[in-house]
Amino acid sequence: MKHKLMLVASLAAFTVACSATGDLAVLDDSLGLSQVSVFDVPAPAAFEYRDLDPKVAGVLPRAWEEAPPQIPHRVDRYLPVNARLNKCLECHEEPDKIGNKQSGKPTPMSASHYIGSGKDLAVANNRYVCTLCHAPQTEAATLVDNTFQKAP
Amino acid sequence: MDGTRRDFLKSGVAAATAATVGMPLSREAAAQARAAEQGWQWDKSVCRFCGTGCGIMVATKDGRVVATKGDPKAPVNRGLNCVKGYFNGKIMYGKDRLTQPLMRMTNGKFDKKGKFVPVSWEQAFDEMERQFRRVYAEKGPTGVAMLASAQKTIQEGYAFNKLFKAGWRSNNIDPNARNCMASAVAAFYSVFGTDEPAGNYDDIEYTDTMVLWGANMAEMHPILWSRITDRRLGHKDCRIVNLTTYRNMSSDIADLEIIFKPQTDLAIQNYIAREIIARNAVNKDFVDKHCVFVTGPYDIGYGMRPTDKYAFPAEKDIQAKELRVRLDRDEAIAQRRKEGELVEQKNTGNPGAHWQISFEDFKRAVEPYTLDFVAAMSKGDVDEPLDQYKAKLKQLADYYIDANRKVVSFWTMGFNQSVRGTWVNEQCYMNHLLLGKQSQPGNGAFSLTGQPSACGTAREVGMFCHRLPSDRLIPNPVHREYTEKQWGLPARTLNPHIGSFYGKILRDLEDGGVKWLWVAANNPFQSHPNINHWLKAARELDNFIVVSEAYPGVSAKVADLILPAAMIFEKWGSYGNAERRTQHWRQSVQPPGLARGDMWQAMEFAKRFKIKEFWGEQKVPGLKVAGYEDGKLPSVLDEAVKLGYSPEDSLYKVLFATPGNLKVKWPDAVAKGRDNHIANQLGDGWFPEKAIWQEYVAFGRGVGKDLADFDVYHGDDVRGLKWPVVNGKETPWRFNEQYDPYVKKGAGFEFYGKLFKAIPTGDLDKVTDPKPVSVAGKAKIFFRPYAAPVEMPDANYDLMFCTGRVLEHWHTGTMTRRVPELHRAVPAAVMWMHPDDAKKRGLKRNDLAWLESRRGKIQIRVETGGRNTMPRGTVYAAFFDEGVLVNKICTDAACPISKESDYKKSAVKVYKV
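Protein chains in written order, with our numbering: chain A, 1 to 152; chain B, 1001 to 1913.
Possibly wrong hints are sitting among the right ones.
Simulated restraints, written as ranges between beta carbons of each label pair [stated by the list, open to error]:
hint	chain 1	residue 1	chain 2	residue 2	range
1	A	L60	B	D1062	52 to 58 Å
2	A	P61	B	R1608	30 to 36 Å
3	A	F47	B	R1326	40 to 46 Å
4	B	K1112	A	P152	43 to 49 Å
5	A	K101	B	G1039	26 to 32 Å
6	A	A46	B	A1795	26 to 32 Å
7	B	D1062	A	F47	32 to 38 Å
Keep in mind the hints are simulated off the structure, nothing from the lab.
Built from N, CA and C at the ideal position, the CB exists for glycine as well.
Given the sequences, and given the hints that come with them, work out the whole structure.
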């Protein structure tokens, strides 16, 4: 019985996914992220990264509490981070303001990015290349929804 | 922040021992308490993506993953993840997740030209079985094949390997790892006689010099890059060299960037060797005691078909080079030949043959690789002054040779994916061995891997068409006999004829040699080069293609039957990373709908077949091995009966649910309350992942590949173990007496690998005495010459095209493109190009362009800025985007020794749409 229920549920999900065809059968052309034949050579859409000034960019929704926040503002003036220069830290290294984000002000890096304490407090070197975890974002529409839900 | 400030920054590594990368213990405890209140359950697990093998923690609630984070106790990543790694929690929840088998049907029956219709597992397996029997009856073991994966778990790899080789007596199972690290393996075998690296990731903190050879670690191994960055910023004498064909993110932290011309790394390595000798810096004691000098033939072809029957018209000129090659000026100097000489490729049949030579011969061979010669031919940026480039090469040699410096060389696809991939791997060991800077903390040539279990599943299990578990080989009768005994098989059950490698399976599909193909946990119809051939073969020829997948990617779209697969946290499993660390995880959540793990798929399908169908006489075209009738596998059924089997026994019973394995019961206390959907579905009360693990580890014990027992890896405090694990102890550095229990006492170093350790003797051109001489215990220092890429830009195809990955996406993007944060970070593949090259073609940033090679063309957007800076003449695009199928462009020429495809060098033209 349980087995049958699962079957019905998954059929329902599949029907939604392929509603364009109107029945349960789908052409390969309407599967996947591109929804074209594999023999086609489609023209990819152009995209641009967010070009908002940090002061007005706000923050993007976070996937869950410890997920790395993504970059809401323009980065062309700040990247790349190199061994001599890290423009990200100029704004986000604010150990006195951890957990105290204010509208229109930089998001202070979390405590996990520092080591030591008091006057020895410093940014951990293995966190130095910000873009390993924090990626600039475009406004591109998602290709397919994601049903992940963070716990309430 | 300026440079002086950096010196005051503290090392995150030091902190990791006290806390978790800076997070105060009190805060972590608070976070744990909060999670407990929320009713979250945390499981230790492993990242699904690259070969670094970061530990992660997976939080579940009400049967769903609600969060993941870097595992603070994991020695690999110490609590950190890269942006992909952080989003492991979302990869299972794309809305178009496959939850039911889909088969192409018309009017309720299978039809290759039909539409996909949801079917039950029973219906799916019925058709899969019917097609299997049809093909097996027509073509025997060589007509069926599997394109397997280094993303399968170790147990899945072992099960499929056994099903194919022991059950169906077919060696046509080969992983996508073939395109990832086969060249590395070939060199591990030829140089050391055993696979996988000597060192481990702690080399990063022990060394003061790190040289990246065509490995953009900042994007491809981000967590190792964070450790390298940590070392660089916290240690002022540390130096990082980035050898690359274009400027990339790794250059941002590097001290020295060397932009070289594609494939001239072969010449640069020989320049360093020449310098080592010229500066009298050979570590004579080390070399005399532990090394021999060798070389092999140069005329080995390019891993293409010997015929142009299947080539597109435009491909024929390149394909002809498989038979004969006209040497260009640089090759002529590098190979001591004449420019323009036409060289018949006589050694395509045995390209890996090699023989011992004298040091004097070796010295003579590297003599042409002077700074003047190598600098002029290898400079990759036409706009860089030659003198500046020369100074850089000299600096590179200085770093290697400096007696006060420890050196680690890192590489992955830049070396491996080359028509001379094995050679350049061997050359890297050449220099480390000449200097005696190998197999010591902070000193060594370190081959990285790209996939999460290239080492664990593909290499250690031997899930290749020529391998058996733990460094054993199909052509070796002793290895086959051992494996037959371990598997309880009658003698001569195993097929002694090497099967088809990954690319050849696709070529077989095109020429009708393979007609039944199972693809699992990889996406060959997007990821293998030159896909216009394989897409057409899949859809237009008489064959049956099964694809086990989580999402409808390109390979699923060209399949005849799609099987819904369980993903990583939905099953028990284990992966082996690039530092020999084996890590296991438990099932955290149930797979959705009817999705099932690959292990169940293999075993359930095996229930449908009896041994009498396969263990009778079988035809194997081309089989010619002592002790076997030509073209035939003998019947072993009488012998099977003597061993107590009935001809009616199912492959499931004989291969998997053996009396020994059935004793390993499910449920098991090691589960700590976690479920196992595969044990439940099989329903006969055994614990397949544990039983198969214990069966597998017997292969490695006592031969330097020792793995620990299943339950050990599941211990609360264990975060993977680096094999060989001997008497419960890991081995941090292999071949070094101080760290490796396999090295003879008093030897200091011993390169004890057993493969290819009896070789003939000769000079630079040929074997002079064919009698094999033992070189047991020694490593081989190869002379390998520079050879030009098989395809060079010309007047028509005037640019060199290179492909690879980007930080934010994994492989073909089937998982990461369904994570909104990762998709928005890089929504589509773009083509990086020098602004002058763009301007010359009337193009600017974001314009749509045609990218065309001899093999096909695609549309792509131009990028002239961002993270990569191309030299004039070279373009780059990643292969993750199914909307921009760059593998329609790439050549499927390959290293003739390793059979690994050359993704890095295809001649193209670019023009405005």
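Here's how the hints hold up against the structure:
1. A:L60 with B:D1062: 52 to 58 Å: 26 Å Cβ-Cβ, so the 52 to 58 Å window is violated.
2. A:P61 with B:R1608: 30 to 36 Å: With Cβ atoms ~48 Å apart, the hint is violated.
3. A:F47 with B:R1326: 40 to 46 Å: Distance hint for F47 (chain A), R1326 (chain B) holds at roughly 45 Å.
4. B:K1112 with A:P152: 43 to 49 Å: For P152 (chain A) against K1112 (chain B), whose Cβ atoms are near 48 Å apart, the range 43 to 49 Å holds.
5. A:K101 with B:G1039: 26 to 32 Å: Check passed, 28 Å falls within 26 to 32 Å.
6. A:A46 with B:A1795: 26 to 32 Å: 31 Å, holds
7. B:D1062 with A:F47: 32 to 38 Å: At roughly 36 Å between Cβ atoms, F47 (chain A) and D1062 (chain B) fall inside 32 to 38 Å, so the hint holds.
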